[in-house]
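Engineer: Chain A is already provided as a structure; the job is to place chain B on it using the hints.
Quick mapping for you: the protein sequence lines, in order, are chains A and B. Heads up: the first sequence is residues 1 to 868, going by the UniProt record's numbering. Heads up: the second sequence is residues 1 to 449, going by the UniProt record's numbering.
Treat the hints with caution; some may be incorrect.
[Unchecked claim] Cβ pair distances, simulated, as ranges:
id	chain 1	residue 1	chain 2	residue 2	range
1	A	40	B	410	20 to 30 Å
2	A	620	B	282	47 to 57 Å
3	A	118	B	28	50 to 60 Å
4	B	323	A	638	51 to 61 Å
5	B	409	A	44	43 to 53 Å
6	B	282	A	614	38 to 48 Å
7	B	323	A	60	50 to 60 Å
8	A	282	B	284	48 to 58 Å
9	A	624	B	308	53 to 63 Å
10	B	165	A	603	29 to 39 Å
11	A	600	B	92	45 to 55 Å
12	A	351	B	93	53 to 63 Å
13	A	600	B	216	18 to 28 Å
14	A	171	B	409	24 to 34 Å
[Claimed, not checked] Rough simulated footprint, nothing fancy, chain B against chain A, three-plus residues with beta-carbon under 8 Å:
id	stretch
15	78 to 91
16	430 to 439
What the hints contain is simulated information worked out from the structure, not anything from laboratory work. In this text, a Cβ means the ideal position worked out from N, Cα and C, and glycines have one as well.
Read off the chains here:
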Amino acid sequence: MEHCTNMHDVKLKPRLLRNLIRESLPDEDQPCRLPRKLSHVISVVRTHKLLSESFPQAIEKKVVERWKSAVDEWVDRMFKLISSDMSDNCWTGICLLGLTCQECNVDRFLASYSVWFIKLYSCIQQPTESQFVKVASCNSISDLLIRLGRLPNVKKDGSTLAGKLVQPVLKLLNEDSSEVVWEGAGHLLCTILTFFPASVHRYYDSAEAAIASKLLSGKCCVNMMKKLAYCLALLPNSKGDEDSWCLLMQKILLYINVRLNDIFEGFEEETKGSEAVSELVPPGKETPPPLGGHTLLEEATDKATRRSVLLQMSSISMLILCCCKMLTSLYPVKVTAPIHPLLAVVERIIMVDGSVLRAAVPFMTSKQQESVCLELPDLHLYNLELLKATIAGMHSQLLPHAAYVVRLVKTHFKRCSSPKLRIKLYSVTKSLLIFMGVGMGICLAQDIVENSFIDLNPVGDGSRCTSSSINLKSPSSVPMQTSHRKRKHGSTTISFEEQHEKTGLEVEAPEIHPSQISVKIATLEVLEVLLSVGGGLRFEAWRLDVDLLLFTLATDSCKDGWAYEENSAFLSNEPIITWADYQLAALHALLASLISPSRVRPLYLAQGFELFRKGQQEAGTKVSGFCKNAILALEAIIHPRALPLEQPPSIIRNCSDKVNHRFPENVYSFGQKQSNPSSSGIQELEGGDPYSYDDDLYVKWVGNGNPSEAPINSPTKNTDSVKPSEIFGAHRTEMVAADRSKQEQAGKGMRNNDVEFVIESQQFRGSSVLFPEPASSKGATDPVITDDLDGTNMEIDRAVPDDTDDETASAADFLADKCDGFANAGGGHALVTEKGKATVFDVDDDTSVDSFPDIVDVDPDSDEEESS
Amino acid sequence: MEKMDLIIASSSIAEAGVGCWDLDSGAEQLRYKSCASTPHGLTCVGQRFIASSQLREPSATSGSVLYWSWIKPQAAVKSFPSEPIKPFVSNSVGTYIVGGGQSGDIYLWEVETGRLIKKWHAHYRAVTCLVFSSDDSLLISGSEDGCVRVWSLITVCDDYESQRASHLYEYSLTEHTLCVTDIVIGQGGYNAIIISASEDRTCKVWSLSHGRLLRNIVFPSVIDAIVLDPAEHVFYAGSRDGNIYIAALSAESSSSSSYGKHILSSLYDHSKAVTCLAYSIEGNLLLSGSEDGMVRIWDPRTLNIVRMFKHGKGPVNNILVVRRPNFLTLGAFSNSHGSSRRHGSLLPPPLEKYVNMDKDANKMGVIRLPTACNILPNVPFNSSHILDEHVKLVEQQGSSAANEMEVERLKLENRKAMHMVQQWKKMYGNLHEFCVNEFLKGDDKGNID
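Next comes chain A alone, as it looks inside the complex:
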C-alpha cells in the first residue's frame, strides 16, 4: 500500500472518495438507514474538495486518471440511486447530485449538465413521487441552474433548460397539496427568475396567477409567503420592460388599497380609500386587471368576508414586502414609479392607530377593534419598510418628494411608540440623513433631537438602576459629574469601594429591557449621523444639550459596563452583547459630538479622552478597537494641525524652497520664468498636506526643520555636481556671490562624500532618517530657501553654533533691508547656505551635529509626499 505524504496530498483524494462511495453511501437496492452519515459525507466532500478534480501543475497522469474514474464512479452511483425504486435512496441520490453540481470541476459540469438535468427533470415530472423526492429535485435543479447561470458561455442553453421547467414548477405550485413542495417549487422559480428571467416570459400570466393565488390564499407560513412575495417581485424581470413593472406595481397597490378599505372601515374616513384608488387609476384611464387575474379576485372577495383580519393583514404585509423588493432590486430599464401613491399608502397606514371614528362607534364591535389592533403593529413595521424601500428606490430622484417624506417621518415620530417601530424609524431617518445630507439635517434635526431626548433619557425608565442615573437626572449636572469623578479617583478608597459595592448590587437589579437598549442604540446612531453628516445650519440651539447628553450617556454606560463585563462570564451571553453594543454606540456618538465642529472647543474633551483611554485598555474588545481610533481622531483636536481660518496667521512659518530644487528639466521653456519669483510662500502647496507644514508646535519642538528638507527632496539635483549657486542662475544676489568662494570650498570639501550619499539616498529614499550627517552636508551644497524672515532668523539663532552668529546676523540685516519678495527669496538662499556650511565644516564640532538630529525626522514626511 502506497502512503500519501500528508492530508493535502492529491493522491489521497481519489482514495477518500472511493472509500466514501463504498462505505457511506447507501446501496441502490438496499433501503438506507444511515442518514447521519450523509451529512458527514457532504462535509467531507466539501472540506477535502473530493469532487473538484483540481490538480497542481505537475502531477502524474495516473493520479489524474484515478481521480477522474473515482468521480465517474461517484456520479454513476448517484444515477443508480436516483433510479432506485426506494424513495429514500432516490432523494439521497438527488440531493447528492445537487451537491455534485456545486462541487465538481467546471469541465465536468459543462460536459454533463444536460444529462444530469434530464435525470432530475424526470423526477419532478413523475406525479406519484414522494414529497421528499419532489423537494429534493427542485432544489437540486435550482443548484444546477445557479451553477449554470454563473458560467459565462452557457446562458442560452440554460435559458432553454429553464424554459422547460416553468410549466412543471407552476403545476407543482397549483396542484400539489403540501407546503414543503410549494417551498421547493418557489425556490426553483426564484432561481429561474434570477438567472434566466426570459424563460418565464411565455408563461408570465399563469406565473403571476399561480404566485398570487398562493400568496393571497393565506395557507402558507410566513417564510413561504416571503419567498413567494420575492418571486412576484422578480416576475417583471422576465419581460424586462417598463410597462410590466409599472403594471404589476399598480396592481399590487390597487389590491392593497382595496383590502385596506375593508380592514380600515370605521377606523378612517371613508373617502380615503376612494381617494387612494383614484390616485392610482387616474379618471379616464382603464383600471388594470386585478392581481393574478379575474377569477382570483372574485374568489378573494368572496372569501374576504369570511377571512380573518389576520389573514388579510398578512397578505397586505406580503404585498408590501413585494413592493419593497421591486423598489430595491435590479431592473434593466428605467421605470415610472407611482411614488406619490406609494407614499400615500404609507401615510394611510400610519394614520390608523386603532382608534375608532366617532361616527363608526355604533357599528363596531369591540372584538373587531381588538383584532385590528392586534395586527396593526406588524403592519406598521412593514409600512416603515415600504417607506425605507421607496426612499431607496427613488435614490437620487427624491427631491420633488422629499418634503412629503419628511412630513411622513415626522408623523411617524409622533405615532410610533413600540421599540421595534422606533428602531426601524431611526434607521429610516439615518439613511435619509446620510443620503440627503445637510438639507435633510435642516428639516429633521429638531425632531431627531427631541425624540432622542425622549428615548435616551433614563429618568423615564423605571427599571434603570439608580447609581447610573445619578448623573443623568438633570441634563445640566456637569459639576456633579466631575466631583463624582474626583471622588472616585481620589485617595478616599473607602468611598470608591463603597461605590463599587453599590454598582455590584445594582447589577443584580433588573436591567433595562434588551429591546429598549436596541432603541437607545438606534437613537445614538442617528444622533451620530446627525452630528457628522449635517447638523443643520443653525445647530447652536440644541448642540450643547446633545453634547452633554451624549457625554453623560457614554460615561455612564461605560462605568457600568466595565464592571459588568468582568462579571459577565457567569451570566448568559445575550444581554451582555447588547450592552456592549450600547457602549460602543454611545462611544461612537460621543466621538462624533467631540469632533463635530462647533464654535467652541468641545467642553468634554478631556473627560472624553480619558474615557477613550480607559476603553482602549479593554484589550480584545470592539470597544478598545474603537477607542484607539477615537484617540487618534481626538489627538488632532488636542494638537491642532490645521489652523482655523478665523485666526490671524501665527508666529512661525516653516518654509523651505522645494520649488526651486525641483525644477524639472523638461518644463515648458516659458514656465521657468515665473516660477522663481513666485517661490516665496507657496511651499505650503506641496500636496496641500497641512500636517507637515502647518504644525507650528512641531516646528517649535524640532527647532529648525529647514535644512533637512532640501537634501532628501532633491537627490537628483546633486548628481550632476553643479554648484548650487548655478541652480539659481540670474536670481542670485550679490551677497551670495560674495560667499561663493566659501561655498565652493564647501562643495569641493564635500564632493566625495556627496556622491556616495546620493547613491545611498536614492536607495534608501524611504528610510533616509538613517543619514543625519549626509543630510547636513547636503545642506551645504544645496542651499535651502527660507523666506519667512523673522521666523527663520529666530530658528537659526537657536540651531546654528555660536561661531556663525555674526554671519547670520548680517544675513538677517541684509534681508531686513530687502523689501521685495523676489530678493528675499535669493537672500534666503544665501542665509541658509551660510548656516548649512557652518554645520558641515564643523563636523567635529559636537554642537553642530547635535543641533540637527531631530531635523531628519522631518524627511520621511516630505519625502513621501513628493514621491506620491
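Structural biologist: Showing chain B alone in chain A's frame:
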C-alpha cells in the same frame, strides 16, 4: 491604473464648439459643434452627456440649452427655456439641472423627464453662478447684484413650507458690492466653506454652518474664476490681469506678501484674462482657460505649465474635468460600437418651459433601479441544506413525509417477508413431496421385497 480624466472646454464663440481632450495623453477627442456657452454654462450631466446653455441675442425672449451625446458632434437635444439661461449646472449624479435666468429666477429641472420641478425668484438681478453643495442638497447662487444666497433644495421644493416662510433661502450673504463672478464650495457637509469672487476685486470666504464671513481677500484685479485645492489648503483665483493668484485658506500666509494679504503667490503666463479654472484630482493638475483661447495645464507643485491646448480663437469660458464614461474606452469616440451607441445616444427629453400644473404628472417619478450585471446575484446553493433538513426530519420520525417513507420501507420489508414465506412454503412443499415420495418409494420397495 488607467487615467480616466477628460477635459471639456467651451467658449463664447459658437464656431469653436466644445473641445474634449484626454488629460493624460493630450489627445483631442471628438469636438462637439456649435456651442456658444455662457459663463458657468457648461455641465456634464452625470457622465451621461454634455449640456450647455447658449449665449443669446439681447433681444431673444427664450433661452437655449443644448445637449450633446458623447458620441455625436451635433447637438442632439435642444430646449428653449422661457428666458435666456446664464449659469447652468447639474448635480453630481446628474438627476437635476438648475439654471439661472436673466431675470433672477432659478429653474430646477428633472433630467430624466425634462420636467420643470420648480422655478423661483431668487435674486433681484441676473443670476451669474450656481453651485451644488457636495451632498447635492444645497444650492448656492450668486447674482449681479452682489448677493450670494444659500438654498436648501428640499425646502425650495416643498410647496407647503415655501408658502408659509417669508423667504426661501437659508442665508443671504450680501457683503459683495458688485456682481458675483464665481462661487465654489468645499467639502464637508455643514462645516464646508463657500468662496465667492466678485467684480469688486475681492474673494470672500464664508462658513456654511453660520453664514458668516470668515476671510476677505482683496486682489490686485477682478477675479473671474476660482477653484479650490482638493485639500482646501489654498484656493486659486484667476484674474482679469492674466494671473492666477494663490490665496491661503488653511495655509499660513504672511502679512507682507507682494500681492496683498493672504495671497501667497501667482501663476503667470503672459496670457490674457483668465476666465475659468478647474482642478483634476486624478492628475493633481490645475487647468485654466483664458481669453486668448488657450487651455493651460499647470502643475500646482512646481507652478509650471505642463501642457497647453488650443481651443479656438474665442475666449474659453468653461472648463470641466470629467471622468471618462465607462462605455467610452479609448478610441471609442470615432468608431462607436453597438453598446456605446446604446448608452451614448439615449438622451432624455428636452427641458420643459413651464412648471406643469397638472397634479398627476407630479405624482409619478421616473426611477432608475440599479442594473449592474457584472455582480452575480447571490443565491445560495440549497440541495445540501435540504438534505440536512430531511435527515433531521427522518431522524425525528415526526413528519408525515418521513412516516410515508417509513411506511414504504415497511411495505417493502413486508413484501420481502411475504416473498420469503412463499419460498419457505415452496421449499417445505418440495421437501414434503420429496419425503412423501421417498416414503412411498420405500414402501414400494418393501412391497416388492
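Engineer: Hint numbers the structure violates, sorted upward?
Structural biologist: Violated: hints 2, 4, 5, 11, 12.
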